[in-house]
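*Asks:* Chain by chain, the residues run as shown.
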Amino acid sequence: RKEVEQDPGPFNVPEGATVAFNCTYSNSASQSFFWYRQDCRKEPKLLMSVYSSGNEDGRFTAQLNRASQYISLLIRDSKLSDSATYLCVAAPLTGGGNKLTFGTGTQLKVEL
Amino acid sequence: EAQVTQNPRYLITVTGKKLTVTCSQNMNHEYMSWYRQDPGLGLRQIYYSMNVEVTDKGDVPEGYKVSRKEKRNFPLILESPSPNQTSLYFCASSGHRGLYGYTFGSGTRLTVV
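The listed protein sequences derive, respectively, from chains Z and L. Take the position in the first sequence, starting the count at 1, then add 1; the result is the number in our numbering. Take the position in the second sequence, starting the count at 1, then add 1246; the result is the number in our numbering.
If you're looking for bench data, these hints aren't it; they were derived computationally from the structure. Some clues are possibly wrong.
As the list claims (entries may be wrong) - Looking from chain Z toward chain L, a few residues come up when the C-beta cut is under 7 Å (computed): (1) Gly17; (2) Phe35; (3) Thr105.
What the hints assert, rightly or not - Straight-line C-alpha distance at most 35 Å; calculated DSBU-like pairs for lysine-lysine: (4) Z:Lys3 / Z:Lys80; (5) Z:Lys110 / L:Lys1264; (6) L:Lys1317 / Z:Lys43; (7) Z:Lys43 / L:Lys1263; (8) Z:Lys80 / Z:Lys46; (9) L:Lys1311 / Z:Lys3; (10) Z:Lys100 / Z:Lys46; (11) L:Lys1311 / Z:Lys80; (12) L:Lys1303 / Z:Lys3; (13) L:Lys1317 / Z:Lys80; (14) Z:Lys110 / L:Lys1315; (15) L:Lys1317 / L:Lys1263; (16) L:Lys1317 / Z:Lys110; (17) Z:Lys110 / Z:Lys100; (18) L:Lys1303 / Z:Lys80; (19) Z:Lys100 / Z:Lys43; (20) Z:Lys46 / L:Lys1317; (21) L:Lys1263 / Z:Lys100; (22) Z:Lys3 / L:Lys1263; (23) Z:Lys3 / Z:Lys100; (24) L:Lys1311 / Z:Lys43; (25) L:Lys1263 / Z:Lys110; (26) Z:Lys80 / L:Lys1315; (27) L:Lys1264 / Z:Lys100; (28) L:Lys1263 / Z:Lys46; (29) L:Lys1264 / L:Lys1315; (30) L:Lys1315 / Z:Lys3; (31) L:Lys1264 / L:Lys1311.
None of these values were measured; they are calculated from a predicted model. Cβ coordinates follow ideal geometry from the N, Cα and C atoms, glycine included.
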């Protein structure tokens, strides 16, 4: 079983739709969580950190459920420019947060 | 501009010919890492460093070496490249013990024939 699992998609949604991705992690010691965005074969870029209380950044909302060991990303009012692969990341705080574990990503395609 | 710079962006080499991929960051970050990305496998950590002269193996270190003699530089060395090291490589750095995420370089696409 992979440490961080994501549905690879693709999720094909119309512009303006709301779309949600889930990600599960198996290491209960994981303490820090992130969502990264990666455009085709380019470098991953940090989209947002995920906090226990949930957090929102514009059209994007991230939530963490420690009991069920999953994190989610909600994108409202999807734009064409949101088309990308979204990577879920878990990391332990011990060791200084240097041991990131990436999911394989969920591909989103936003269409007209 | 705050950034992580990798070179080269593209490299085609032959089996067994030693090569070095350079990585430099200008953000005074303590933490640096190397990843490789392969289809269906995602990003996998090769080596990481928590500060100068402090390095450790990640999940897939075989066939790679690194060094951290200066805070800004973290080169990846392939002493004897093999075709199974054909991949997309990313260097990344972070301050604040990695708590606020990592900044990635633009990537190096390596082909070993």
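*Asks:* Each of the hints needs a verdict: does it hold here or not?
*Replies:* Going through the hints against the structure:
A distance limit of 7 Å between C-beta atoms decides the matter here; for Gly17 of chain Z the minimum to chain L is near 29 Å, and the interface restraint is violated. With 7 Å as the threshold, the beta carbon of Phe35 of chain Z comes within range of chain L, its nearest partner Cβ sitting at about 5 Å, so the hint holds. For Thr105 of chain Z, the interface hint holds, the least distance from its beta-carbon to any beta-carbon of chain L being 4 Å, beneath 7 Å. Between Lys3 of chain Z and Lys80 of chain Z the CA atoms are separated by roughly 31 Å; this keeps the pair inside 35 Å, and the hint holds.
The straight-line distance between the Cα atoms of Lys110 of chain Z and Lys1264 of chain L is roughly 40 Å, outside the 35 Å bound, and the hint therefore fails. As the CA atoms of Lys1317 of chain L and Lys43 of chain Z are separated by approximately 25 Å, the hinted pair is consistent with the 35 Å bound. Between the alpha carbons of Lys43 of chain Z and Lys1263 of chain L the distance comes to roughly 26 Å, so the proposed pair stays at or under 35 Å and holds. Proposed proximity of Lys80 of chain Z and Lys46 of chain Z is supported: the alpha carbons are some 18 Å apart, at most 35 Å.
With a C-alpha separation of about 26 Å, the suggested pairing of Lys1311 of chain L with Lys3 of chain Z holds against the 35 Å cut-off. Between Lys100 of chain Z and Lys46 of chain Z, the direct Cα distance comes to roughly 17 Å. Compliance with the 35 Å bound is thereby established for this hinted pair. A distance of roughly 42 Å separates the Cα atoms of Lys1311 of chain L and Lys80 of chain Z; the hinted pair therefore is violated under the 35 Å criterion. Our distance criterion of 35 Å between C-alpha atoms is met by Lys1303 of chain L and Lys3 of chain Z, whose separation comes to about 19 Å.
The hinted pair formed by Lys1317 of chain L and Lys80 of chain Z fails the criterion: a straight-line CA distance of about 39 Å is larger than 35 Å. Our distance criterion of 35 Å between C-alpha atoms is broken by Lys110 of chain Z and Lys1315 of chain L, whose separation comes to about 43 Å. A hinted pair counts as satisfied when its Cα atoms are at most 35 Å apart, and Lys1317 of chain L with Lys1263 of chain L qualifies at roughly 27 Å. Under the criterion of a C-alpha separation no larger than 35 Å, the hint pairing Lys1317 of chain L with Lys110 of chain Z is inconsistent with the structure, at around 39 Å.
Taken as a hint, the Lys110 of chain Z and Lys100 of chain Z pair is honoured in the structure, with Cα atoms around 30 Å apart against an allowance of 35 Å. Note on Lys1303 of chain L and Lys80 of chain Z: the hinted pairing is violated, with a Cα-Cα distance of about 40 Å set against a maximum of 35 Å. Between the alpha carbons of Lys100 of chain Z and Lys43 of chain Z the distance comes to roughly 21 Å, so the proposed pair stays at or under 35 Å and holds. For the proposed pair Lys46 of chain Z and Lys1317 of chain L, the alpha carbon gap of about 22 Å is at most 35 Å, so the pair holds.
Using a Cα cut-off of 35 Å, the hinted pair Lys1263 of chain L and Lys100 of chain Z holds, with the two alpha carbons roughly 30 Å apart. In summary, the hint linking Lys3 of chain Z to Lys1263 of chain L is supported, as the alpha carbons are separated by about 33 Å, within the 35 Å threshold. Under the criterion of a C-alpha separation no larger than 35 Å, the hint pairing Lys3 of chain Z with Lys100 of chain Z is consistent with the structure, at around 15 Å. Pair hint Lys1311 of chain L plus Lys43 of chain Z holds up; C-alpha atoms about 24 Å apart against a cutoff of 35 Å.
Among the hinted pairs, Lys1263 of chain L with Lys110 of chain Z is inconsistent with the structure: their alpha-carbon atoms are about 40 Å apart, more than 35 Å. Proximity of Lys80 of chain Z to Lys1315 of chain L is assessed by CA-CA distance (about 44 Å); at most 35 Å being required, the pair is judged violated. Restraint check: the Cα-Cα separation between Lys1264 of chain L and Lys100 of chain Z comes to about 27 Å, which is no more than 35 Å; the hinted pair holds. Note on Lys1263 of chain L and Lys46 of chain Z: the hinted pairing holds, with a Cα-Cα distance of about 32 Å set against a maximum of 35 Å.
About 20 Å separates the Cα atoms of Lys1264 of chain L and Lys1315 of chain L, which keeps this hinted pair within 35 Å; it holds. Taking the CA atoms of Lys1315 of chain L and Lys3 of chain Z, the gap is about 34 Å. The hint holds against a cut of 35 Å. For the suggested pair Lys1264 of chain L and Lys1311 of chain L, the alpha carbons sit about 11 Å apart, so the restraint of at most 35 Å is met.
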